[in-house]
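Student: For reference, the chains in residue letters:
2 protein chains.
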Amino acid sequence: MTADSKKEKIEEIRAEILKRVRPTDEEKTKLETVRKGIIDDIVRIADAQGQCDIVPLSVGSAERNTWLHGNHDIDVFISYPEDIPFDEFYKRSRMILTEMAKTGDSWEDRHSEHPYIHIQKEGFEVDLVPCFRVKSGADIKSAVDRTPFHCAYIKENIKGLEEDVLIMKQFMKGTGVYGSEVRTGGFSGYLTEILTIYYGGFEGVLEHASNWKYGTVIDIADHQTLEHDNPLVVVDPTDPKRNVAAALSLTKFALFIDRAREFLKNPILDYFTPKSYPPMTPAEFEKMMTARGTEMIGISFQTPPKAEDTLYPQLFRMEKSLEELLTRNEFTVINTFSWSEEMEKSVVFIELLTTVLPPLQKRAGPPVWNAANAESFCKKYKNNPTTFSFSIENEKYVAEIPRKYKTAEYLIEDMIFKEAALGRHVRDSMKNGYDVLREKEIMEIKGDDFWKFMNEKLTAQIEP
Amino acid sequence: MTADSKKEKIEEIRAEILKRVRPTDEEKTKLETVRKGIIDDIVRIADAQGQCDIVPLSVGSAERNTWLHGNHDIDVFISYPEDIPFDEFYKRSRMILTEMAKTGDSWEDRHSEHPYIHIQKEGFEVDLVPCFRVKSGADIKSAVDRTPFHCAYIKENIKGLEEDVLIMKQFMKGTGVYGSEVRTGGFSGYLTEILTIYYGGFEGVLEHASNWKYGTVIDIADHQTLEHDNPLVVVDPTDPKRNVAAALSLTKFALFIDRAREFLKNPILDYFTPKSYPPMTPAEFEKMMTARGTEMIGISFQTPPKAEDTLYPQLFRMEKSLEELLTRNEFTVINTFSWSEEMEKSVVFIELLTTVLPPLQKRAGPPVWNAANAESFCKKYKNNPTTFSFSIENEKYVAEIPRKYKTAEYLIEDMIFKEAALGRHVRDSMKNGYDVLREKEIMEIKGDDFWKFMNEKLTAQIEP
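Chains A and B supply the protein sequences, listed in that same order. Sequential numbering from 4 applies to the first sequence in the working numbering. Sequential numbering from 4 applies to the second sequence in the working numbering.
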């Protein structure tokens with residue numbers, strides 16, 4: 004394909020994608036109406052409560068015209084003067100949220116240390132978040148205080164690039180790198196918008212991303228004051244110390260580089276549609292495991308009643324910790340991944356070369372010239388009737404001894420609470436009971452979503 | 004045990020060991036007579052051939068009074084003026100050796116590039132080695148020219164310590180670290196003598212050896228001119244560039260440190276008797292392998308008709324090379340060792356965690372930002388109907404593919420000539436055919452020596 008015909012092809016793709024992702028006029032009107040209603044409600048309720056110093060702020064992609072067709076998210080912040088004490092802020096904001104909850108078709112309290120509710124209203128998913136009206140993004144009192152500055156920055160700088168943001172977001176969705184929640188570890192909307200502004204549009208982002216390497220730094224406001232060790236560093240134009248791409252995982256960073264490079268080589272529409280994996284049947288799973296010849300274990304426990312962004316770091320830490328525990332004990336781990344269903348079970352899966360090791364274990368001790376350690380190693384294993392052999396190899400004592408953990412299951416059951424680093428909520432839940440699932444038990448897990456997930460884990464393909 | 008009672012105990016041990024290892028007067032007279040006869044023969048033959056410029060030199064432990072009871076070795080060198088050309092040296096020395104061969108009860112030509120014969124005479128093992136009479140150990144024309152200097156140095160410096168050398172040698176024999184042939188990798192007689200002189204006797208050597216570490220340097224003549232990367236560096240007092248301990252393996256160096264330290268803690272006679280392993284029966288071997296739960300493979304081929312010091316480095320290199328080949332292909336090697344019988348078979352043994360791996364292999368590719376390598380990796384594995392999955396993990400492409408080498412046997416058979424570094428003589432012999440032995444075939448190997456060897460390899464214990 005020549006450069007010119009590629010350019011033409013990308014133009015065609017842009018047009019086609021825009022057709023798909025640009026919100027309709029009807030959608031826009033609907034959203035505008037609902038949003039206005041919410042803001043009016045807030046003002047009315049605040050006034051009735053004598054809270055005349057609050058200001059409702061519409062933030063989020065809807066506000067900056069970078070929302071995708073079919074996306075029904077509205078974010079409204081309720082800002083308070085920055086000098087009121089947190090106690091008062093907390094109490095007063097709860098008063099407004101309590102009333103606002105009643106205006107929704109349904110609602111959910113999502114506050115952790117920060118008050119925050121989610122309501123559903125006329126088909127929209129609405130986040131209502133109290134915050135402080137601080138002077139700048141660098142002077143925030145709580146994490147959410149940055150958002151209004153982000154929104155303002157994008158509104159000011161995005162003009163003329165709104166459509167590029169839409170196309171960029173859809174490309175990221177289609178290639179599986181969009182979404183900054185911990186579970187995904189991809190690009191946030193704000194990050195996507197900054198990249199689009201910085202590189203002047205969709206093609207500019209892809210061309211530059213094709214050449215990114217670990218540690219690439221983008222400092223759009225030219226005011227970085229802190230080093231970051233992340234795959235990608237995008238200095239927040241509203242806060243010189245913050246990396247907007249801090250939550251981007253190395254895997255998603257690398258995947259995006261690959262997808263950008265490949266798309267530019269052969270621009271086709273397929274990149275804009277997420278690959279979907281059909282649910283595999285338990286019988287297909289069994290057949291696949293036989294073909295792989297590996298062994299799968301699942302550690303299953305009641306999902307802790309926590310938000311995904313609290314839970315997933317703990318699941319990932321558990322994967323890593325179990326992999327280390329198994330590797331230390333000479334099991335070979337091939338893959339780990341985690342499945343979690345709210346109110347149901349969470350399962351950490353570990354795929355192993357084999358779950359059974361021979362009765363003999365060869366243990367290397369200290370070098371002979373480390374006299375103190377040598378003495379304790381010899382005391383333990385020399386002249387021990389259970390050792391197979393005790394000798395010196397190169398500079399070290401070596402004992403061939405009976406293996407304590409001949410199966411991965413026994414190792415996990417014996418050591419999971421002693422040697423695995425478990426997050427607080429996962430540990431609490433596991434203390435109430437957990438199961439070690441083998442293939443037969445894994446086959447009993449129900450639900451299309453789970454079997455789609457398993458299919459993706461076992462047969463993932465980067466396409467096109 | 005108090006320091007005094009230990010000292011006393013060591014005195015008792017010295018006395019007891021001397022009783023055992025000091026040659027009897029009868030032995031001494033006999034050796035003196037045979038040696039004198041050999042020297043007389045050399046002079047007589049040389050004179051008859053008109054070779055009046057040669058000088059026979061008695062070297063070796065017999066000459067320096069450091070030989071052990073029961074040792075019947077005599078070393079006599081036939082020295083030539085250093086300025087004669089090698090051709091002439093070779094021709095003339097062969098003339099003498101040809102005649103000397105006839106004086107033995109039997110004889111053997113041991114020359115490689117250097118002429119050299121071994122004769123048996125009246126129960127003695129006699130080495131007859133032509134050499135050049137060079138000016139110093141640093142000016143040698145062939146490797147053997149050093150020996151007369153070594154002998155002279157020890158004779159001059161050993162006075163009063165001869166008995167300590169005997170005890171030292173027996174301690175080294177008893178602990179399995181004596182002998183500088185490649186197969187053993189232990190201490191040579193000359194090295195033992197220098198250590199005894201340097202540290203002032205048997206106890207001095209043990210006390211200092213207890214505190215040796217990798218890289219210990221002993222420069223008795225204080226004239227080192229070259230760095231050596233060896234566990235122990237003992238600069239040759241007759242050649243500043245040479246390390247007398249160059250052939251000492253790290254394992255034997257470390258073992259000696261351990262043995263010295265342990266003996267000084269608890270001095271008992273047991274250290275002076277080599278541990279012997281009874282031959283195990285094939286049935287015991289089978290039972291032991293079941294207990295270990297590991298798997299043993301032997302690669303068996305006709306022993307190349309070469310001296311052990313030529314053959315063993317090649318066997319050791321083959322062990323290392325096979326271990327690397329297997330490890331690269333994800334097999335876990337536990338032990339390797341080599342057995343060799345002159346005129347019969349040599350067998351390189353490899354003990355593995357398992358000889359069978361699952362059909363799936365996970366292969367990590369280049370980082371995405373290595374565009375050239377990425378392209379060839381993707382070309383090979385992406386959209387390949389045989390891959391299980393193709394994805395990105397952290398910064399790298401990862402393909403789950405069918406494993407080519409699912410058994411260690413197939414890997415070895417397919418790759419031994421392509422990827423294993425084989426010494427010339429081993430390769431030549433294997434090209435004529437080799438077998439991969441499994442447990443059943445190993446059980447068919449005959450000979451007490453082999454089954455002692457196997458017993459030692461599987462049940463080695465450092466004792467006391």
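Derived from the structure by calculation, the hints contain no laboratory data. Be a bit skeptical, because a hint or two may be false.
Copies of the same chain look alike in the list, so a pair counts if it works inside one copy or between any two.
In silico DSSO-like links for lysine-lysine, alpha-carbon gap of 27 angstroms or less [unchecked claim]: (1) K365 to K409; (2) K399 to K455; (3) K268 to K323; (4) K290 to K22; (5) K124 to K10; (6) K323 to K309; (7) K10 to K382; (8) K383 to K216; (9) K268 to K385; (10) K10 to K216; (11) K399 to K323; (12) K409 to K290; (13) K309 to K244; (14) K434 to K31; (15) K138 to K158; (16) K323 to K33; (17) K443 to K409; (18) K385 to K309; (19) K216 to K382; (20) K138 to K124; (21) K434 to K409; (22) K9 to K382; (23) K383 to K278; (24) K216 to K455; (25) K124 to K9; (26) K443 to K385; (27) K176 to K216; (28) K407 to K290; (29) K268 to K449; (30) K348 to K278.
Student: Are the hints correct? Go through all of them and say.
Tutor: Verification of the hints:
Taking identical chains as interchangeable, the C-alpha atoms of K365 and K409 lie at most 27 angstroms apart whether they share a chain (13 angstroms) or sit on different chains (23 angstroms). Within a single copy, K399 and K455 get their C-alpha atoms only as close as 50 angstroms, which misses the 27 angstroms cut-off; across copies the closest is 24 angstroms, which meets it. Taking the closest pair of Cα atoms, K268 and K323 never come within 27 angstroms of each other, the shortest separation being 36 angstroms inside a single copy and 45 angstroms across copies. Within a single copy, K290 and K22 get their C-alpha atoms no closer than 42 angstroms, and across copies no closer than 74 angstroms, so neither meets the 27 angstroms cut-off.
In the homo-oligomer, the alpha carbons of K124 and K10 never lie at most 27 angstroms apart, since the shortest distance is 43 angstroms inside one protomer and 95 angstroms across protomers. For the identical chains of this complex, K323 and K309 are intra-copy neighbours only, at 20 angstroms inside a copy versus 53 angstroms across copies, given an alpha-carbon limit of 27 angstroms. When the C-alpha separation of K10 and K382 is checked against a cutoff of 27 angstroms, the pair qualifies only between copies, where the shortest distance is 25 angstroms, while the shortest distance within a copy is 74 angstroms. For the identical chains of this complex, K383 and K216 are inter-copy neighbours only, at 23 angstroms across copies versus 49 angstroms inside a copy, given an alpha-carbon limit of 27 angstroms.
Proximity of K268 to K385 under the C-alpha cut-off of 27 angstroms is restricted to the inter-copy arrangement: shortest distance 16 angstroms between copies versus 64 angstroms within a copy. In this homomeric assembly, K10 and K216 come within 27 angstroms of each other (Cα to Cα) only inside a single copy, at 25 angstroms, whereas the closest approach across copies is 69 angstroms. For the identical chains of this complex, K399 and K323 are inter-copy neighbours only, at 18 angstroms across copies versus 30 angstroms inside a copy, given an alpha-carbon limit of 27 angstroms. Within a single copy, K409 and K290 get their C-alpha atoms as close as 26 angstroms, and across copies as close as 19 angstroms, so both meet the 27 angstroms cut-off.
For the homomeric pair K309 and K244, neither the shortest alpha-carbon distance inside one copy (29 angstroms) nor that between copies (72 angstroms) is at most 27 angstroms. In the homo-oligomer, the alpha carbons of K434 and K31 never lie at most 27 angstroms apart, since the shortest distance is 50 angstroms inside one protomer and 80 angstroms across protomers. Proximity of K138 to K158 under the C-alpha cut-off of 27 angstroms is restricted to the intra-copy arrangement: shortest distance 18 angstroms within a copy versus 93 angstroms between copies. Proximity of K323 to K33 under the C-alpha cut-off of 27 angstroms is found in neither arrangement, the shortest distances being 46 angstroms within a copy and 74 angstroms between copies.
Proximity of K443 and K409 under a CA criterion of 27 angstroms is satisfied in both settings, with 21 angstroms inside one chain copy and 25 angstroms between copies. Taking the shortest alpha-carbon separations for K385 and K309, neither the intra-copy value of 51 angstroms nor the inter-copy value of 38 angstroms comes in at or below 27 angstroms. Taking the shortest Cα distances, K216 and K382 sit within 27 angstroms of each other only across copies (21 angstroms), while inside one copy they are farther apart (51 angstroms). Within a single copy, K138 and K124 get their C-alpha atoms no closer than 32 angstroms, and across copies no closer than 105 angstroms, so neither meets the 27 angstroms cut-off.
In the homo-oligomer, the alpha carbons of K434 and K409 lie at most 27 angstroms apart inside one protomer (24 angstroms), although the nearest pairing across protomers, at 40 angstroms, exceeds that limit. In this assembly of identical chains, K9 and K382 lie within 27 angstroms of each other by CA distance solely across copies; the values are 22 angstroms between and 73 angstroms within a copy. In this homomeric assembly, K383 and K278 come within 27 angstroms of each other (Cα to Cα) only across copies, at 22 angstroms, whereas the closest approach inside a single copy is 56 angstroms. With identical chains, the CA atoms of K216 and K455 are never at most 27 angstroms apart, being 32 angstroms at best within one copy and 59 angstroms at best between copies.
When the C-alpha separation of K124 and K9 is checked against a cutoff of 27 angstroms, the pair qualifies neither within a copy, at 44 angstroms, nor between copies, at 92 angstroms. Taking identical chains as interchangeable, the C-alpha atoms of K443 and K385 are never at most 27 angstroms apart, the minima being 43 angstroms within one chain and 31 angstroms between chains. Taking identical chains as interchangeable, the C-alpha atoms of K176 and K216 lie at most 27 angstroms apart only when both belong to the same chain, with a minimum of 22 angstroms there against 60 angstroms between chains. With identical chains, the CA atoms of K407 and K290 are at most 27 angstroms apart between copies only, with a shortest distance of 20 angstroms across copies and 32 angstroms within one.
Taking identical chains as interchangeable, the C-alpha atoms of K268 and K449 are never at most 27 angstroms apart, the minima being 41 angstroms within one chain and 66 angstroms between chains. Taking CA atoms no more than 27 angstroms apart as the test, K348 paired with K278 passes inside one copy only; the shortest distance there is 26 angstroms, against 60 angstroms between copies.
The structure does not agree with the numbered hints 3, 4, 5, 13, 14, 16, 18, 20, 24, 25, 26 and 29 stated previously, though it agrees with the rest.
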